[in-house]
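Start from chain A and add chains B and C according to the hints.
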Amino acid sequence: MKILVCISNVPDTTTRIKLSGDQNAIDLSSVQWIINPWDELALTRALELKEASGGSISSVSIIHVGNAGSDATLRKALAIGADDAIRVDAAPTDAYAVAHEIAEAIKDKNYDMILCGIESSDYNGSAMGGMLAEFLNMESVSSVSKLEIEGDELKLNREIAGGFEVVSATAPVVVIVQKGIALEPRIPSMRGIMMARKKPLEVVAATGAEALTEFVHYTPPQPKAACKMIDADNPAELVNLLHNEAKII
Amino acid sequence: MNNVLIYTENFDGKFKKSIYEIASYGSEIARQLGGEPIAISLGEVAEEELKSLGNYGISKVLTAAGETFKTLQNRAYTAAIAQAAQQENAGVIIFSASNTAKAIAPRVSVKLKAGMVFAATGLPSNLNPFTVPKKVFHGKAFADVVVNSERKIISLSQNSFGVKEHPAEVTIEALQVEAAAPANTRVTDTQKASGKMLLNDAEIIVSGGRGMKSADNWQPIEELAAILGAATACSRPVSDEGWRPHAEHVGQTGKIVAPNLYFALGISGAIQHLAGVSSSKVIVAINTDKDAPIFQAADYGIVGDVQKVLPQLNEAFRKFKAEN
Amino acid sequence: MNFDYTEEQLMIKQAARDFARKLEADVIERDRTATYPTAHVKEMAELGFLGMMIDPKYGGGGMDSLSYTLAIEEISKIDSSVAVIMSVHNSLVSYGLEKYGTEEQRQKYLPRMATGEHIGAFLLSEPEAGSDATSQKTLAEDKGDHYVLNGTKNWITSADHSSVYIVIAQTHPEKKHHGINALIVDRHSPGITLGAHEDKMGMRSSDTHSVMFTDVKVPKENRLGEDGFGFAFAMKALEAGRIGIAAQATGIAAGAYERALQYSRERKAFGRLISEHQAIAFKLAEMYLKIENARNLVHKAAWLKDTNKPYSLAGSMAKLYAADIAMEVTTEAVQIHGGYGYVKEYHVERLMREAKLTQIYEGTSEIQKIVISRSLLKHK
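Chains as they are written, first to last, in our numbering: chain A, 1 to 249; chain B, 1 to 324; chain C, 1 to 380.
If you are wondering where the hints come from, they were derived from the structure by calculation, not from laboratory data.
Where a beta carbon is used, it is the ideal one built from N, C-alpha and C, also for glycine.
Worth double-checking, as some hints may not be accurate.
The calculated SDA-like cross-link candidates involving lysine to any residue, where the alpha carbons are at most 25 angstroms apart (straight line), are [what the hints assert, rightly or not]: (1) B:K290 <-> C:E104; (2) C:K99 <-> C:F229; (3) C:K22 <-> C:Q262; (4) B:K111 <-> A:D112; (5) B:K113 <-> A:M138; (6) B:K308 <-> A:D231; (7) A:K228 <-> C:G271; (8) C:K344 <-> C:R17.
Covered stretches of chain A (in silico footprint by chain C; criterion: 3 or more residues with CB under 8 angstroms from a CB of chain C, positions within the stretch not fixed) [said to hold, decoys possible]: (9) 69 to 75; (10) 187 to 193.
Derived contacts from chain B toward chain A, CB cut-off under 10 angstroms, selection only [said to hold, decoys possible]: (11) V132; (12) K135; (13) Y300.
This is chain A alone, in the form it adopts within the complex (with noise of 0.2 angstroms):
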């Protein structure tokens, strides 16, 4: 079984987000780059399946979209214990883009298990999974937070409102995950990031695909409002403010 992991390269979460002086960007001059958190339990998942499945899963590849910039989050990839990995190189306008040249990088080589990240930490978009799926044809299993290979079958737990459904699959599929697939993402060792200088990280050319979709203008949130303080006689107020102001519940 050969496994593909989807891998996004984005700001590391805690970084502070600056605009451009224009807001119709963001300023990522001083941004720190880091494997999108849920690509990277993905990873590590798909790393977790390989060491215990006595050798019938022989690859786990990984799969960026992205300029030069990203090698070294696609090298520390490799460190955690990716075989290798493919650049395909465009700057990652959307996920219709990415996941149309993903597609097109990867079509003839016949994985049998793809996984993404279920969203990307930067757009929020919750897209390129099933958006690859479709453009290679093939099954995906979605909101996926625990994943175990029992002989030819997947048994994905599938997480709906209020539950989860457990799914067998068979390859090819695309698995889509979220938090609880890994317990935590693993840390590169030390022979890990010795052994990633030689692994393979090949660059392929993009087929130029088209974006439908861009982002124009961006506000910067509002600034935290002072506390607003209820009544302690009147709990029903802070439930009406929760549902209709904060618009949370």
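For chains B and C alone, kept in the frame of chain A given last:
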């Protein structure tokens, strides 16, 4: 292509508030475009329930049921929605930003070459170019997204538009779908409301501090958590005292959490604690001390004895849940 | 000149930072109860930090000294007890074995040092010979095919949890320091007893004991270098070790600074964040400057070592400066925290206690001044 297609997901044959919200939202966009708001419902839903969509401006409901739509099969659902969009000349397709939307909206996007905005936070600010607002970086900024394709897909964040009544005459039509190819995935079991919510998975967390006074006073916290489908947590002194297990300790040295809603009950808000919860979208604090630092971090606060306030609050939430 | 870290160095720094975050969960408790960080040392071994500079042909990571200082600094920001275990193991014991051991000795020890199966301890200080390493009282009597060790060593980091000792002992007292040997000793050899666990002021989670040798037999092939090389060996190992301790001191200072910075952005006084009060803002500026200076000295010493240039002077300057500013910066960090700084939950009081040791061990600040001044004065 001025029509708007709204995918109205059902939950055990019923529509939830979030579905009436996208019905309202889709109807409003159809009005702006001068088109018709059409719903598509997949799976068994009673006619009366389907007709309830008319209260929110829907004029036509397409429906398909049967074995194919008993559980979510992504390719079959995608094909049905795409077929409906083409058949009905829908230029805009609306989803509620749920797990189901995450599963099928991206597939519909590719099938119809329709640009998608996931978790939109309101109506399009402009129809030409078609511009939709959304949050990015988990709320650290808002963005305007222009969709350049002929067809557009919007998944709407829950509670960002609201339910708006707009009664319309509604007709129900069966959608003739082609038989789907056999899927290589199948649902073998469904478990709902199972077990206890895990802290890191929880969208709502109810957390108690030293102000709860003793381990015996946790029942109302458990109760609030049960009402809201929330996880329970605690501050460090509480786990140190052994009132609650260490696994529930939230704070810099415990778990770092970022739920949508965090209740800090009888928690003074030491920096250590705040460091573990400050990414919460909304913080509610109840504390006897009006100067407690938790109120600097909180969005909503009640000064009072949590032991007295909490039972009343639980009652108010229970009433709210019954009505919604 | 190039001040950029390589992609790999950045990855190592981040890996160390991620590892160190896990230390935070129980660092206060381990400090309070003086408990050895067994599980953390195991993870540190699995991540390869214990063999990071060892040649890959012996199973190590083959990383340079600069990478090593980055890792030590990150770990020391959170927990210097773990950092000192790593430091002694790497830059005194493993380094000494690899640099001065025979091929047989390397083959025998390094692969298991690299995996952390063996933890190393370095036994130089004695009750009456701390900084003055020339006057070793521990005897290694030459008995033909083996040595017999008798004597006491003090302040031994990892004395109980290590398995490989490097013991510095006198074989030919008449030759003074030219008669000293360095021996590889199995910690479980008959005749070795440990004194009580030292109840230290700081770095309390690392185990420190005195070690007594009574007629301990050590095979001849366990000697490092030629007969009488022991003193030079110890000085060379300490020279390398200093860079690690300098990085540790820098880390302690940086850890305290990071906590003070964060606290000053959250804590209000007189209606403003305390970081908006000039008294606090200036303190932060001075702390940051000192840390940056210390780090640059550390990096230069590591760079000299990595490029095979003499680094004794640079290493001493880095160790002296970093240890002194660690004391200053941690004291200021406590001050910025006010009352909270004086209680354990906020970490900075512990960092202040840890900083103090960096001025004392592996050559006190005074010894570093001797090294530095002698180095300056030997040239006309």
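Hints, one by one, checked against the model:
no., hint, verdict
1, B:K290 <-> C:E104, "violated, 71 angstroms"
2, C:K99 <-> C:F229, "holds, 13 angstroms"
3, C:K22 <-> C:Q262, "holds, 19 angstroms"
4, B:K111 <-> A:D112, "holds, 22 angstroms"
5, B:K113 <-> A:M138, "holds, 17 angstroms"
6, B:K308 <-> A:D231, "holds, 13 angstroms"
7, A:K228 <-> C:G271, "holds, 19 angstroms"
8, C:K344 <-> C:R17, "holds, 22 angstroms"
9, 69 to 75, "holds (count 3)"
10, 187 to 193, "holds (count 7)"
11, V132, "holds, 9 angstroms"
12, K135, "holds, 7 angstroms"
13, Y300, "holds, 5 angstroms"
Of the numbered hints given earlier, the model fails hint 1 alone.
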